[in-house]
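Given chain L's structure and the hints, the job is docking chain W onto it.
Going line by line, the protein sequences match chains L and W. Going by the working numbering, the first residue of the first sequence is number 63, and it counts up by one from there. Going by the working numbering, the first residue of the second sequence is number 0, and it counts up by one from there.
Computed footprint of chain L on chain W, listed as stretches where at least three residues anywhere in the stretch have a Cβ under 8 Å from a Cβ of chain L:
| id | stretch |
| --- | --- |
| 1 | 27-41 |
| 2 | 83-89 |
| 3 | 97-111 |
FYI, nobody ran anything at the bench for these hints, they're computed from the structure. From a predicted model like this one, the values you see are computed outputs, not experimental measurements. Don't be surprised by glycine CBs; every beta carbon is placed ideally from N, CA and C.
Read off the chains here:
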Amino acid sequence: EADIYQTPRYLVIGTGKKITLECSQTMGHDKMYWYQQDPGMELHLIHYSYGVNSTEKGDLSSESTVSRIRTEHFPLTLESARPSHTSQYLCASSSTGRRLTFGSGTRLTVV
Amino acid sequence: GIQVEQSPPDLILQEGANSTLRCNFSDSVNNLQWFHQNPWGQLINLFYIPSGTKQNGRLSATTVATERYSLLYISSSQTTDSGVYFCAVHDRNYGGSQGNLIFGKGTKLSVKP
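If we strip away everything but chain L, and leave its shape as in the complex, we get (with noise of 0.2 Å):
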């Protein structure tokens, strides 16, 4: 069954970690996103991708870089964790006129 997968589902890290947050689809969608959310509350495009070895920063300012080299995978990293990253992450794909697909979510907690 296509999808979309993230991992961890929850992660709680030190200041000054490293950490990936990983995303796979198996719908061979040509976009993905990262949206960064408190529960609820707006949701922030942080980095977005339209195709292999093509990657943008979204509208919210963020100290995490992605890397698009395989179609299917869109991982996030953050290279040193603060508390103010504490938030959910969610990794979407879609294709031109087709509708959005969201992960499960990874929710970081940095203490």
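Showing chain W alone in chain L's frame:
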């Protein structure tokens, strides 16, 4: 860029009641979607509806693109309908060459047993 406004911001219903959620947008769009975020944070795409009417079980949605609004109808509400409902529209001027979805701030729905 396009402005997206949702109303009401909060809604409390008794189980079994019907409700209408509204999404207004400030410019013409060719892509409008409705999402439900459950209390555990999972976002589910309910409808892709740039125009016209669609129905899925107890939910239906209507978009009147010429008047720049969309409505989400929930009939015979259940406690599992609780959560936040977001609408999102495509803004070709938002981010990259192909544009991206702009999300409204959501309507928080609580259905009481």
